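> Position chain B against the provided structure of chain A, taking the given hints into account.
Listed in order, the protein sequences are those of chains A and B. For what it's worth, my numbering labels the leading residue of the first sequence as 1, then goes sequentially. For what it's worth, my numbering labels the leading residue of the second sequence as 1001, then goes sequentially.
No lab work stands behind these hints, which were simulated from the structure alone. All figures in this text were calculated on a predicted structure; none of them were measured in a lab. Any given hint could be a false lead.
Cβ-Cβ distance ranges computed for the label pairs, FRET-style [stated by the list, open to error]:
id : chain 1 : residue 1 : chain 2 : residue 2 : range
1  : B       : G1179     : A       : T314      : 32 to 38 angstroms
2  : A       : D5        : B       : D1100     : 21 to 27 angstroms
3  : B       : E1020     : A       : R472      : 31 to 37 angstroms
4  : B       : W1122     : A       : T314      : 25 to 31 angstroms
5  : B       : A1127     : A       : R472      : 57 to 63 angstroms
All C-beta atoms, glycine included, are put in the ideal place defined by N, C-alpha and C.
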Amino acid sequence: METIDCDVLVIGAGGAGLRAAIAATQAGAKTAVVSKSLLGKAHTVMAEGGVAASLGNVDPADDWKTHFQDTLFGGKYLNNWRMAELHAKEAPERVIELEHWGAVFDRTRDQRMSQRAFGGHTYKRLVHIGDRTGRELIRTVQDRAVHGGAEVYMEYTITRLLRDGDRVCGAFGYRRATGDLVVWRARSVVMASGGTGKLFRINSNSWEGTGDGHALALDVGATLIDMEFVQFHPTGMVWPPGVIGLLVTEAVRGEGGILRNSEGERFMERYDPKRMELSTRDVVARAIYTEVREGRGTPHGGVFLDVSHLPAKTVRKRLPSMYDQFLELAGVDITREPMEVGPTCHYMMGGVKVDAETGATSVPGLFACGECSGGMNGANRLGGNSLSDLLVFGKRAGEGAAAAAAAAALPAVDQAEVAEAEAELDGYFTSGGDEDPYELHADLQSMLQENVGIFREESGLVRALSRLEEYRERLRKVHVPVGSRAWNPSWNLCRDLKNMLTVAEAITRAALMREESRGAHSRLDFPQFADYWGRHNIAVTKTDDGRIAVEPVPVVTVPELEPLVEERKAKEAAG
Amino acid sequence: MRHFQVWRGDVSGGGLVDFELDTVEGMVVLDAMLEIQRTQAKDLAVRWNCKAAKCGCCSAEINGRPKLMCKTRVDSLPDDAPIRVEPMRTFPLIRDLATDVSWNYEVEKTIPPFTPKEDADWQIGQADVDRMSEFRKCIECFLCQDICHVLREHDLKAAYYGPRFMVRIASLEMHPMDGADRTELLEHAAGLGLCNITKCCSDVCPEGIKITDNAIIPLKERVVDRSYDPLFRLGRRGKRDGR
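Next up, chain A with everything else stripped away, as it sits in the complex (with noise of 0.2 angstroms):
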């Protein structure tokens, strides 16, 4: 089996992995990226409307203050008050630097990088190039890592993190085309490895989003922080059926797009008449659902997005991927017809637990950083501040993580857990059991959908919890239809799914635990905030014997901030 020192190990290779790679290299680090995919394909690259910084290119009034305010009001106070304000801090200086390494954004008339508006932001803030943004972010931070230094290892899947002792040493996993079985040894590891929106039936996630991250980290100790809030993106696409929940960008309403029901109402006058079309997701994801539900949606299930009344010309040259998306697709020109859209599962505000100044985890050696890390976007995540997130956080983890790798020896790798490891694969082809894997992971997704889904309530919950044992005794069983590890996605799921089961218990426990309504999390039972609520998160850790455990922890909150936070609670109030 092939072994691979390094100083640090970077597992993903989205714009958190890149930028973490780049922080480490620079810091003098020996440096390995693993990437699930090829390089440059994570969903960064999908990300359309823009990043958030308050640069008061277009607005001057913006400063880090209101896009702190911004981003704790969207998370509905339960962000990590320090990761909230490192990120409205220094994502100015992060996109600056972007832009210096070569990314090209939309201009102002005075030539600087413009800004639009988005959901939930105060200010035109979004820095953009078009809607094709990740692609630029990702473009940019790819080249430099790699012309930085950093060796990149694509389509290999991480299965396994390593410890030596407490301490985690590196990792394991496989080669997708040879299913090659390939060990990193290294002094500290950094988890980049994004989402989890394969675990929902209706996502905008490729079949990488499997929560890989955060359930290797469980497994190693780490904890895990507001796993109850996934983020259901309000515009999915809902026709035709290959493309449903095919991300429309929040640009679309940037830009001056309209809601509307069956009826012809512009129904988010009766949610949010203040913010309308921009409110924050959660808002008008549960808006258009509930429409749905009541019957005033589209023939195909959803509401009606319209941007017919804008000039043709101006929505074929800020929206052009929308655009060819919907007339390719669909069949539907949208300079002429509305679209229909409803919501789809996005993004996870949920993740492992890291310290906001260097993405530390409570595990020695193990840092995270980006959508598998939790704690800045507490209850809800505002549009745009994933990009400027992934760029802050990505670089502190980085640095962090080349730090104290400077500060360890190369540590020993225990041979008996990597033939543990080794036998967990085999084993897929072995077990003598009959469970299909694509069977297996349709009925996971539906039945999260339904129980765990944009309502909730403490019946589907429980139900949720008895389902997922009875999945757990069917991934016991699940077995590899047929060929061998050489690039067979059969047997790639059935690892993959051993991580969704684990992330699903995560989520649904918490769920259950959270007896009120906030942000994304939405109890029928329970639909008013509750103050308890309001001052804790819910973590979550993997107890001796293995079980999922939950508990409330009290928010991190900074003293200083606290006037600023008081003043915007104050004004939300006044209405």
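What follows is chain B alone, placed relative to chain A:
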């Protein structure tokens, strides 16, 4: 019900395998492949990610033509013949529809990255951005590399970087703040002269980039101008627009 012929196999051999599938309205070829994978050929190797023509993973040859599977509607293909789905021919085969495109990433490493000019002021106009945007919207699907006959028929990967990287170099060369000089690279290692402007690459680009007209031909002109005209060489970085 539609009839698909999907190439299956690995380096040791393979061939077209027949599948029948109930199709639904709006179905794209990638949906069909994933449905076949889910129900009939559970180890079918297909590379895909975003399903929205943004990541450039699901490149294949559909009825002999390089296309993104996620962007090709089944109902756009003739219904009186089977739909043939094969891997890209220009790259080494891994399995079934998946090919080894790693050569492209090795090429990328040899191109001098964006290097800001010392006096860069970062005042950039929208016209400059719009001009660069055409090249920067490339999704790296490598369909242009697949169709390029220099790479496909003559396998001259050692001599020519291919259209994708002419687009990449053009995007860097046209950046008003970039100070690196890639003329030498274009003339020699990148093999710009090997392109004889058949425009096949532009025809298959899912982003509609006019690769030949807007990237390759201007680069050829630039190389000629700069190799033979020292004044142009001095002046080229002075030109700015976008105001």
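> Against this structure, judge whether each hint is valid.
Right, here's what the structure says about each hint:
no., hint, in the structure
1, B:G1179 <-> A:T314: 32 to 38 angstroms, "holds (35 angstroms)"
2, A:D5 <-> B:D1100: 21 to 27 angstroms, "holds (25 angstroms)"
3, B:E1020 <-> A:R472: 31 to 37 angstroms, "holds (35 angstroms)"
4, B:W1122 <-> A:T314: 25 to 31 angstroms, "holds (26 angstroms)"
5, B:A1127 <-> A:R472: 57 to 63 angstroms, "holds (59 angstroms)"
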